[in-house]
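**Student:** Protein sequences appear in the order of chains A and B.
Every letter in the first sequence is one number past the one before it in the working numbering, and letter 246, counting from 1, is 242.
Every letter in the second sequence is one number past the one before it in the working numbering, and letter 73, counting from 1, is 69.
It is worth saying that the hints were derived from the structure and are not from the lab.
A hint or two may mislead.
Identical chains blur together in the list; that is why a pair holds if it fits in one copy or across any two.
[Claimed, not checked] Derived lysine-lysine pairs resembling DSSO-like cross-links, with alpha carbons at most 30 Å apart:
{"hint": "1", "residue 1": "K148", "residue 2": "K5"}
{"hint": "2", "residue 1": "K186", "residue 2": "K148"}
{"hint": "3", "residue 1": "K76", "residue 2": "K199"}
{"hint": "4", "residue 1": "K283", "residue 2": "K113"}
{"hint": "5", "residue 1": "K199", "residue 2": "K249"}
Number of protein chains: 2
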Amino acid sequence: MEVKISKDKLMTGITTCMRTVPSKSTMPILECILMTVQDGEIILTSNDTEMGSEIFLEADTVSDGVVAVEAKTLSAIITKMPDGEITLKTDDENEMFIKCGRSKFNIAIRDGNEFPKLNMVSRENSIKVAQEILKDAIKETIFSASVNDTNKMMTGLLLSFSDILKVVALDGHRIAIREYTIGYDGEPVKLIVPSKALQELYKTLTDGDMEIFYTDSQVAFSFDGKLIESRLIDGEFFDIDRLMHYDFNTEIKVDRQELLACVDRATLLVKEIDRKPVVFTIGENLKAEITTQLGSMSEELEIEASGNQLVIGLNPRFIIDIMRVLDDAKVSMYFVDSKTPCYIKGEGYIYVVLPIQLREGV
Amino acid sequence: MEVKISKDKLMTGITTCMRTVPSKSTMPILECILMTVQDGEIILTSNDTEMGSEIFLEADTVSDGVVAVEAKTLSAIITKMPDGEITLKTDDENEMFIKCGRSKFNIAIRDGNEFPKLNMVSRENSIKVAQEILKDAIKETIFSASVNDTNKMMTGLLLSFSDILKVVALDGHRIAIREYTIGYDGEPVKLIVPSKALQELYKTLTDGDMEIFYTDSQVAFSFDGKLIESRLIDGEFFDIDRLMHYDFNTEIKVDRQELLACVDRATLLVKEIDRKPVVFTIGENLKAEITTQLGSMSEELEIEASGNQLVIGLNPRFIIDIMRVLDDAKVSMYFVDSKTPCYIKGEGYIYVVLPIQLREGV
């Protein structure tokens, strides 16, 4: 095979493709990028068995071919090449010749046919959605998904498509629910996508269109000449409507930035491993307090309050995660009592946070 | 004690003082910053037994006192405080009260008298030098000092003060020598300062004046309201003049940026652990080649050459380190033969690099 392509274009493609190269695999060939040269195109493929990418790059192809190249080495070489046109050439199955300007490399390659290609999703079923919407949806919910997979379902995000896109993430201690108007008019579709795949997808999204293809077991996101594919999590997602109740006894409105800065300060005294609550005492003001081995902190915030007075312990990390992704200048928080989840609700979003039980003297 | 000071000023002082707080010490009190409040000043002191800092901050002192505060906790709290005036107050020896705006912290403190203070250098002997010169001197030589201390002397930099400042660093495989005009007219002074201390000092230097105090065993750098102190390395530094010989057979001039980029590319194929040489073949051009398990690379650079043709193997990391700190558009390299050190010389600098023996077929 022989092909010429600009350094920048190749570099961008490799960077995206690298996202689904496993850093260490029991199948060493998966640490490679598959490079397919055909019909005026280079296709870069990677696959970490759970998810994969195909990147399509226009190129000046001289002769076709398929080879697998160790991803880290390829990426490092292309990064440091001088700007200009890069020539990639193989004479046999053992070596690839890479040239740019006066700089020449020869690196070991592997037979492209050994590479386990993605089992591509058929293009029968598709949903169109703006990349920006999916980007927001991921950013604003993903932190609520579980990071450890004792409960596999909790490591996924529910993407529910109808005239609105509803996204749900939960980890047993909190729930994030967001809705976005997308005007999709096909059959309603529910996909449970691993948060790890969405995290990688998030880094690649820009602001153009996107088409989502899906089957019962797989989903593929097609945009900007890229195809990012992932397995779906199998099963029924949690029935969160059952968890929602709205008989609140206390409602407050608080400045979001002030609350964020205050709770952020409270975490200074919390070591990673602790599950120390920040204690909110809600009266005329909101008093935030925390006490740990390192010391204690207290701070008062002005609020608009209605309903009962209340003392409740919350995980400061959860409050920070939510306040960081909201845009509203003021946020509304709703409480039942100190043992019932706290709700943070506004236009298009509901966040639910379970309280931490307060012991005497905490 | 009680004292008020602006957040910014205190933060800057703590950041500098933190540089000489050991991250882990067998003496836990050394993980503290000693805070001395007296006569309109806060003095922050830290000490990692090899080196230490004293930072002098003007402040609005209400009552004097001396306490030791866990450095990481103090730093984290002050960083996240809102902008404004911070009040620090202690009522007894167990707790410090920190207040800024509506935010209040109480943190554990320790008795300041337990803190092993620096054994301060007397101010009898001093040298004045611009911070910028010392900053350049450190940056342009320190990479040549040894990082492991099988030979303690090699972990230090020789600072030799007369009308010029001459700095020497070496690690057994390379030597860096730089000279700077400083116009010091006192008795010549030679100080062997641990490179670790100079590295921390480097991060703190700005562009003002500096005074250096020294004894036989210690040195203190005084500038911008700070005092950074270090032990000296005891003994005679290597007689490098004895190592210098100037009967070269080959001389080349090469574009510095091109050589840097070329050798940098060569390192792509070198794993950290290897000691693979980049092989320079010097004829009409300079051909740089490297071959490793990962593949091979070759590149030709235009040069001005005089003298014999030559093949020599050099550690690419060493060449990169030197090319990065030089300013010259073109650099001159001098060679005797493939087994004799290579010299890179110019106005005010000499770098010496030992070659790597080439085996058949490398």
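**Student:** Against this structure, judge whether each hint is valid.
**Tutor:** How the hints compare with the structure:
1. K148 to K5: The answer is neither: 37 Å in one copy and 49 Å across copies each exceed 30 Å.
2. K186 to K148: within (17 Å within a copy, 66 Å between copies)
3. K76 to K199: Both ways: K76 and K199 sit 22 Å apart in one copy and 28 Å across, limit 30 Å.
4. K283 to K113: For K283 and K113, neither the intra-copy (57 Å) nor the inter-copy (40 Å) Cα distance is at most 30 Å.
5. K199 to K249: Cα proximity of K199 and K249: none, with 33 Å in one copy and 45 Å across.
Comparing the model with each numbered hint stated earlier shows that hints 1, 4, 5 do not hold.
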